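K.L.:
One letter stands for each residue in the lines below.
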Amino acid sequence: MIHDGEAVVRVENLHKYFGPLEVLRGIDLKVHAGEVVVIFGRSGSGKSTFLRCVNFLEDPTEGWIEVAGIRLEGGHRTRTKREEIRKLRTHAGMVFQQFNLFPHMTTLQNVMEGPVTVKGQDASTVKPAALELLAKVGLADKADEYPIRLSGGQQQRVAIARALAMEPDVMLFDEPTSALDPELIGEVLNVMKSLATDLHMTMMVVTHEMGFAREVANRMCFFDEGVILEEGTPDEIFAHTRFPETRKFLDAVL
Amino acid sequence: MSVQRQAEGAGTARLPPRHIQEPPSAKYLLFGAWVLFTEGAMALVFLPVLVFSTKANVPPGDIALFALVGVVCLVGGGLVYVSRPSGWWGALASAVVSAAYLLAVQGLTSSREAYVATVLSSAAVVLLLVGKSAAGDTEALSLASARLPFRLKVALVWAAIFFMLGLFLALSDLDFRFMAENFTYIAKGLEYTILLAVGAILLATFLALLGALGRLSHNPVAYGVSGFYTSFFRGTPLIVQLFLINLALPQIGVNLGRVSVVKFLALSAFVSGLIGLGLNYGAYMTEIFRAGIQSVGHGQAEAADALGMTYPQRMRRVVLPQATRVIIPPTGNEFIAMMKDTALVSFLGAEVAHAELFLRAQLAFSENLTKRLETLLMVAALYWLLTAIFTVFQARIERRMAKGYVRVTAQTAIGGRRSQYLPAPAGDEQGDEQGGAEIAAPPGQPGILPTLEEPRP
Numbered sequence: 010m011i012h013d014g015e016a017v018v019r020v021e022n023l024h025k026y027f028g029p030l031e032v033l034r035g036i037d038l039k040v041h042a043g044e045v046v047v048i049f050g051r052s053g054s055g056k057s058t059f060l061r062c063v064n065f066l067e068d069p070t071e072g073w074i075e076v077a078g079i080r081l082e083g084g085h086r087t088r089t090k091r092e093e094i095r096k097l098r099t100h101a102g103m104v105f106q107q108f109n110l111f112p113h114m115t116t117l118q119n120v121m122e123g124p125v126t127v128k129g130q131d132a133s134t135v136k137p138a139a140l141e142l143l144a145k146v147g148l149a150d151k152a153d154e155y156p157i158r159l160s161g162g163q164q165q166r167v168a169i170a171r172a173l174a175m176e177p178d179v180m181l182f183d184e185p186t187s188a189l190d191p192e193l194i195g196e197v198l199n200v201m202k203s204l205a206t207d208l209h210m211t212m213m214v215v216t217h218e219m220g221f222a223r224e225v226a227n228r229m230c231f232f233d234e235g236v237i238l239e240e241g242t243p244d245e246i247f248a249h250t251r252f253p254e255t256r257k258f259l260d261a262v263l
Numbered sequence: 002m003s004v005q006r007q008a009e010g011a012g013t014a015r016l017p018p019r020h021i022q023e024p025p026s027a028k029y030l031l032f033g034a035w036v037l038f039t040e041g042a043m044a045l046v047f048l049p050v051l052v053f054s055t056k057a058n059v060p061p062g063d064i065a066l067f068a069l070v071g072v073v074c075l076v077g078g079g080l081v082y083v084s085r086p087s088g089w090w091g092a093l094a095s096a097v098v099s100a101a102y103l104l105a106v107q108g109l110t111s112s113r114e115a116y117v118a119t120v121l122s123s124a125a126v127v128l129l130l131v132g133k134s135a136a137g138d139t140e141a142l143s144l145a146s147a148r149l150p151f152r153l154k155v156a157l158v159w160a161a162i163f164f165m166l167g168l169f170l171a172l173s174d175l176d177f178r179f180m181a182e183n184f185t186y187i188a189k190g191l192e193y194t195i196l197l198a199v200g201a202i203l204l205a206t207f208l209a210l211l212g213a214l215g216r217l218s219h220n221p222v223a224y225g226v227s228g229f230y231t232s233f234f235r236g237t238p239l240i241v242q243l244f245l246i247n248l249a250l251p252q253i254g255v256n257l258g259r260v261s262v263v264k265f266l267a268l269s270a271f272v273s274g275l276i277g278l279g280l281n282y283g284a285y286m287t288e289i290f291r292a293g294i295q296s297v298g299h300g301q302a303e304a305a306d307a308l309g310m311t312y313p314q315r316m317r318r319v320v321l322p323q324a325t326r327v328i329i330p331p332t333g334n335e336f337i338a339m340m341k342d343t344a345l346v347s348f349l350g351a352e353v354a355h356a357e358l359f360l361r362a363q364l365a366f367s368e369n370l371t372k373r374l375e376t377l378l379m380v381a382a383l384y385w386l387l388t389a390i391f392t393v394f395q396a397r398i399e400r401r402m403a404k405g406y407v408r409v410t411a412q413t414a415i416g417g418r419r420s421q422y423l424p425a426p427a428g429d430e431q432g433d434e435q436g437g438a439e440i441a442a443p444p445g446q447p448g449i450l451p452t453l454e455e456p457r458p
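If you're matching them up, the sequences are chains A and W in order. Read left to right, the first sequence gives residues 10 to 263 (the numbering used here). Read left to right, the second sequence gives residues 2 to 458 (the numbering used here).
Treat the hints with care, as some may be off.
Stated by the list, open to error - Residues on chain A that point at chain W, a partial pick, calculated with CB under 8 Å: (1) 64; (2) 95; (3) 103; (4) 208.
What the hints contain is simulated information worked out from the structure, not anything from laboratory work. Note that this is a predicted model, so its numbers are computed, not measured. Glycine is no exception: its CB is placed at the ideal position from the N, C-alpha and C atoms.
With the hints as constraints, model all of the structure from the sequences given.
P.N.:
Okay, structure coming up:
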């Protein structure tokens, strides 16, 4: 694939400990503009922790992370670093496994929350854009509903719109379809696919949906015991698997 | 009947055909029984008054007869429920007998209770006559009973209790004129009672918010200070705290300063009451607020963080609005408790100008020591009224805060069910290779799957 864009996300020598347990053992990864990177691997392989480190929901113990030109080192948070982290997060939209929509706000208010509260934009100017985003994820008619009245798939699509509203440089998806009923997975994956094809959004996706990966991903990273064991295009991963661990995992999920 | 019409209106054609066609008069029969029960209960409640009253000096034979009338009324009420028509005649007889007896003796202590009982007995007679066509039809009675809303029945019980209480108080020679004359004087205390309670709850809410954030903080100073605060104010009696603030603080002023600054830290009863109540309730509410904030899922904080919110933004926009829902009901309870605890402030000295309810009551009966019952009843009723009004208010707030947490609203409960369970139509990106989504149909057209509703003719 062609990715002539510069690196939006740059991770260097990332280590993460939970107490004495080393969950991430030196990760290096560059994600270029417009690239879709699928991260997969067994449960406990560190893939979710890695994604959460990228926007500092988890503090890396050691190593460097750069998102949209904001470069930060792991370790303890200082006052200035905290502010830098906050800035970094406005460039990285996050979509959670459990959606985490704000239940006391309507769908539209959820989408407008980021630009209005964090960026300080005027609600009246944000509203048309937010409605447009809701239309993009197919929920224009649900603008005034509260999240509890929506299905899981609809909630996740709102969550995607909420993250997009911040106009992020990269979207992080943390198992976005794992909490969904099987028949609702498709609608969420379709929205994600359109982000990649229509908006050329840079995306890092932790998922078990290998069909999606094969179709949309530019690159796939297989996580195993805290390292990226194997990395390559979907074709390389699926057709020319190099490591038996990867093969074993693929056989299990396919 | 109206009930039947409602059932048809809801489109429920599946109700079994009704075999029982109860006579509409059944409910009057039911009311007749209840009136008799009330009258019987009343008679037995007044029995001790007759026995112990030295003023009235009623002969034991009359007391026994009176008790018998009470029992007759209770039995008569029960006879209405008997499945033979003869039961109805028994009930009618008991109502007639009791009315006749009470009219004949003109009451035992005064004629007042006799008149009341006569009115009740006569009402029972009338109701029994109106309801005669349902006599002995127990099915009709239980149906009629089931048709009456539970709340209405409870209201009737309350009414009966108030009725008896009122009568009891009237019999014990309550001085209604004194009450009427002093009511406005005492009720004026409501102003400062409400001011105290509202002021103190505002202070307490502010302190509780700070305290809760402190208890959840990783900052040792914030954690330690809030820990000390809740420990001390929850660990000592409220009245001691009030006395400390009102009586002990001025001594610090005296000890610290020269004669010219004796006024230092000397607070008025109202101000020290407000501060004391606020501090004390703030300490209790700290725990409520802490629990409320912790009840908001961790994912919410993460979602706020991921958007790039600062800590204050996260609290103000995401966590606190959701915590409020959990916090409001127990805080309402605290407020109700505080309204009543404002009475303690009356012990901080008699500043008549700023006297709240209870101080005014104490002043009123101190001038007229034989009127304590009247005064204290009035003041109790006023506190009760105050808390009752607030309880209604609180229930409304809670209902309002429930939006966003209830799936089906009243409006959609009947018609909007389908849209909730089937994939959303219109504008959705469906029909992908994952399958499953083909279930969705354009709005207005039938879906491929059978819908949950039956087709309407």
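K.L.:
Would you mind marking each hint as holding or not holding in the structure?
P.N.:
Here is how each hint holds up against the structure:
Interface restraint check for residue 64 of chain A: the shortest CB-CB distance to chain W comes to about 6 Å, inside 8 Å, so the restraint holds. Evaluation of the residue 95 of chain A hint against chain W yields a held restraint, the C-beta minimum of about 5 Å falling below 8 Å. Restraint check, residue 103 of chain A versus chain W: the minimum CB separation of about 4 Å is within 8 Å; hint holds. Proximity of residue 208 of chain A to chain W is violated relative to the hint, the smallest CB-CB distance being about 14 Å (cut-off 8 Å).
Of the numbered hints listed earlier, the single one contradicted by the structure is hint 4.
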